[in-house]
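Please put together the full structure from these sequences, using the hints given.
Heads up: the sequence lines are chains F and X, in that order. If you read the first sequence in the working numbering, its first letter stands for residue 1, the second for the next number, and so on. If you read the second sequence in the working numbering, its first letter stands for residue 393, the second for the next number, and so on.
These are computed hints drawn from the structure, not numbers from a lab. Some clues are possibly wrong.
[Unchecked claim] Facing chain X, from chain F, some residues (calculated, C-beta under 8 Å): (1) L280; (2) V290; (3) I294; (4) L380; (5) S384.
[What the hints assert, rightly or not] Quick list of simulated restraints, FRET-style, between CB atoms: (6) S758/X / K28/F: 28 to 36 Å; (7) K597/X / E304/F: 51 to 59 Å; (8) S165/F / E400/X: 48 to 56 Å; (9) K608/X / I11/F: 41 to 49 Å.
All figures in this text were calculated on a predicted structure; none of them were measured in a lab. Just so it is clear, CB atoms sit at the ideal spot from N, CA and C, and this is done for glycine as well.
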Amino acid sequence: MSLEDFRKEVIDFIEANCAESMRQPMVKESDTYWGGRNATFQNEDQERWFTAMAERGWTTPTWPKEYGGGGLSKAEAKILKQEMDKRKCRPPLLSFGIWMLGPALLQFGSEEQRQQYLPDIIQGKTRWCQGYSEPGAGSDLAGLQTSAISDGDHYIVNGQKVWTSYGDKADMIFALVRTDQSVKKQMGITFLLVDMDTEGVSTQPIKLISGKSPFCETFFDNVRVPKANVIGEENAGWTVAKYLLTHERSAISSAVDADMLTPLSYYAKNSIGVDETGVLKDSILRSDIVEWEIDAAAFKFTLERINEEMKAGQAIGAKSSFMKYYGSELNKRKYELRLQVEGADGLVWDGERTNEGKVARQFCRTKGNSIEGGTSEVQLNIISKHILGLPS
Amino acid sequence: MAYVLTEEQQMLSDSARDLFKAAPVALVRELRDQDNEVGYSQDLWKEMVEMGLNGLLVSEENGGMDFGWRGMGVILEECGRTLSNSPVLTTAVAAHIIDRYGSEEQKAMLTEIITGGKSITIALRSTSRMSADECIVTADGDHYLLSGTKQMVANANTADYILLSALSDGVEQYYLIENSDAVQVETERYMDSRMYSRLSFDSVKLSQSALVGVAKAQRAIATTLISGLNALLSAELLGLMTEAFERTVGYLKERRQFGVLIGSFQALQHRAADLYSEIELVKSIVIKALDALDDGDPIATAYCSMAKAKASKIAQLATNEGVQMYGGIGMTDDEEIGFFMKRARVAAEQFGSMSYHADRFARLSSY
Chain F
1 MSLEDFRKEV IDFIEANCAE SMRQPMVKES DTYWGGRNAT FQNEDQERWF TAMAERGWTT
61 PTWPKEYGGG GLSKAEAKIL KQEMDKRKCR PPLLSFGIWM LGPALLQFGS EEQRQQYLPD
121 IIQGKTRWCQ GYSEPGAGSD LAGLQTSAIS DGDHYIVNGQ KVWTSYGDKA DMIFALVRTD
181 QSVKKQMGIT FLLVDMDTEG VSTQPIKLIS GKSPFCETFF DNVRVPKANV IGEENAGWTV
241 AKYLLTHERS AISSAVDADM LTPLSYYAKN SIGVDETGVL KDSILRSDIV EWEIDAAAFK
301 FTLERINEEM KAGQAIGAKS SFMKYYGSEL NKRKYELRLQ VEGADGLVWD GERTNEGKVA
361 RQFCRTKGNS IEGGTSEVQL NIISKHILGL PS
Chain X
393 MAYVLTEEQQ MLSDSARDLF KAAPVALVRE LRDQDNEVGY SQDLWKEMVE MGLNGLLVSE
453 ENGGMDFGWR GMGVILEECG RTLSNSPVLT TAVAAHIIDR YGSEEQKAML TEIITGGKSI
513 TIALRSTSRM SADECIVTAD GDHYLLSGTK QMVANANTAD YILLSALSDG VEQYYLIENS
573 DAVQVETERY MDSRMYSRLS FDSVKLSQSA LVGVAKAQRA IATTLISGLN ALLSAELLGL
633 MTEAFERTVG YLKERRQFGV LIGSFQALQH RAADLYSEIE LVKSIVIKAL DALDDGDPIA
693 TAYCSMAKAK ASKIAQLATN EGVQMYGGIG MTDDEEIGFF MKRARVAAEQ FGSMSYHADR
753 FARLSSY
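Structural data, given as structure tokens:
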């Protein structure tokens with residue numbers, strides 16, 4: 001099929017299956033669909049859109065057809081994305097399985113594991129969460145202590161994970177566990193899949209400074225896990241983890257990017273006003289806003305440039321650390337300014353007038369941007385070592 | 393347009409790098425120590441003319457190479473790396489204005505500018521704050537009279553021509569005049585070891601043919617000059633900060649204190665990594681500004697001011713960090729890092745200060 005025909009097919013498909021209500025911004029939690037064993041649809045429109053996309057494997061457009069993926073070429077996937085973006089279609093399925101575990105399975109999983117897990121990710125049947133950080137292993141992730149002790153063809157897992165997003169709603173967790181205490185810390189880690197329904201697994205939600213949050217603590221108390229659930233080799237989990245973190249970092253920096261160019265000056269003009277020459281009335285805040293907007297635009301161009309360089313064959317490597325570092329710091333600066341721009345209204349925490357204190361809560365939430373997915377300081381360490389080649 | 397250089401631009405970049413290798417920072421020091429009145433190497437200038445650099449922004453029809461702003465940016469970036477001074481920036485940009493807007497008589501001058509190495513300096517508004525011009529032109533019979541002053545005019549002591557703005561009935565107009573005895577030129581050496589002049593005009597007689605372009609074109613000329621000159625200065629600053637940064641990182645890898653390389657200290661590593669990130673941003677916005685000029689995109693006006701504001705700020709940071717990380721040796725005149733700091737400050741002020749450009753961007757964005 002020619003690309004032109006394909007585009008026509010995509011447009012027809014969207015018009016037939018994506019109702020008007022599925023083309024509105026996602027505001028509430030129930031506007032998103034995450035799939036999983038206990039998933040329910042918000043309404044028929046959501047169900048129809050998801051089902052149609054999943055049938056074609058277009059929840060994962062470029063994944064191989066043999067696992068139920070879309071099997072689209074890069075050019076076709078680009079067309080699908082363009083046409084969906086043009087119509088503001090909601091993503092039919094949000095999934096850590098798609099963003100994180102899937103790419104790792106395709107890279108490191110056995111054929112049997114791919115057959116077992118990928119179709120259920122694509123069809124939204126399994127909802128996954130990530131078990132990396134621990135109370136004692138945040139920035140020093142490799143220092144994790146959740147132990148997996150060999151017991152025949154099983155491991156016995158004991159320990160605690162923290163910051164497991166949607167841990168209380170997930171069916172399965174992909175976790176890093178320690179399988180060897182006697183070697184250098186990076187060498188004794190295994191990448192293990194655990195069913196959250198297994199006896200001994202429990203979760204506890206975490207409340208953040210911004211109020212509610214999707215984060216949980218997850219506890220493992222003598223949990224029996226089949227050894228067949230290891231991805232890659234035993235004790236070689238760090239390689240898988242690093243690969244996956246690169247995906248997470250670029251996901252975070254591009255998530256920041258989507259909202260990045262909403263001009264701060266727009267909000268400022270509304271709440272502060274301009275003088276007769278059209279200049280913002282608060283000249284000191286104005287210069288901070290100018291500086292931020294120039295940086296935001298220059299950062300956006302830099303993401304474009306890195307993208308172009310990657311297409312030309314350059315490896316992204318540690319540049320994802322630069323993207324993560326700069327993007328999250330930029331977002332924090334933005335909300336620091338936004339709070340000043342809104343004045344008193346930006347400080348309201350509850351009530352309909354301010355959409356439940358949206359600005360104040362988002363402000364608090366952005367403080368986590370430079371902590372999650374590797375702190376800014378860890379990113380700077382990576383840049384120093386791997387880009388600048390500074391000695392350790 | 394693309395972020396990656398075309399093959400042609402890459403070749404230009406390589407030959408510029410070779411050319412400026414012969415004009416290292418040591419040459420800047422030499423000229424300064426000799427108290428050289430010209431402020432740049434005339435041998436180097438000759439070579440630049442031979443390469444045709446004055447015609448990079450001129451159409452082939454008028455004897456130029458039509459390499460565009462991105463191509464010219466590549467030259468300025470290399471100048472920035474070696475701190476090479478010459479009249480090429482103002483001459484090439486003025487030649488571009490003549491090529492686009494000049495009269496036939498003015499266009500006829502292009503040959504001696506491009507192949508003969510005649511140089512042109514540019515004097516925009518009277519000060520780098522870029523507030524209203526203090527130069528006034530009045531009609532007097534069949535000619536004009538020019539009065540007023542200009543500050544910080546680069547290489548005016550050696551320039552053959554001056555392209556300048558002046559107010560005529562309150563409207564900004566552009567004139568191309570000979571740098572004759574009628575113009576009072578007071579030249580001073582600036583911090584970057586280059587020569588800049590204060591120009592005074594006391595009823596200097598200009599012929600009517602000195603006006604560049606028709607009345608309607610004056611705003612476009614102003615925009616092209618402010619945007620183009622600053623995009624190119626941003627490219628120079630990009631080269632300057634990249635070189636200063638690479639030297640500094642190199643020093644962190646060789647200087648030992650407390651028995652270890654100082655580059656192993658996290659206090660320095662994080663600052664270096666942050667600076668690396670900022671320079672990445674400058675690179676992107678400079679490319680974006682030059683490309684927008686080449687595309688004739690109206691957004692170029694905003695991009696060029698963004699580039700100048702950002703490049704000035706990060707050049708300041710990069711050179712300050714350089715001096716600090718070199719430590720005591722960075723304070724000495726023997727070490728070259730200080731030359732980068734000094735040039736960064738002057739380049740930031742030329743053709744509109746950092747705050748002027750930040751303000752210009754904000755106004756263009758309607759706030």
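The hints, checked one at a time:
1. Among the interface hints, the one on L280/F holds; its C-beta lies about 5 Å from the nearest C-beta in chain X, closer than the 8 Å criterion.
2. Against a cut-off of 8 Å between C-beta atoms, the interface hint on V290/F holds, since the closest Cβ of chain X lies about 5 Å away.
3. Look at I294/F: its Cβ gets to within about 5 Å of chain X, closer than 8 Å, so that hint holds up.
4. Annotation: L380/F was flagged as interfacial toward chain X, and the flag holds, the nearest CB pair being 4 Å apart, inside 8 Å.
5. Taking 8 Å as the C-beta cut-off, the interface hint given for S384/F holds, the closest approach to chain X being about 4 Å.
6. Look at S758/X against K28/F: about 33 Å separates their beta carbons, and that is inside 28 to 36 Å.
7. In this structure, K597/X and E304/F meet the distance hint of 51 to 59 Å, their C-beta atoms being roughly 52 Å apart.
8. In this structure the hint that S165/F and E400/X lie 48 to 56 Å apart at CB holds, the actual value being about 49 Å.
9. Taken as a hint, the range 41 to 49 Å holds for the pair K608/X and I11/F, whose Cβ atoms sit roughly 46 Å apart.
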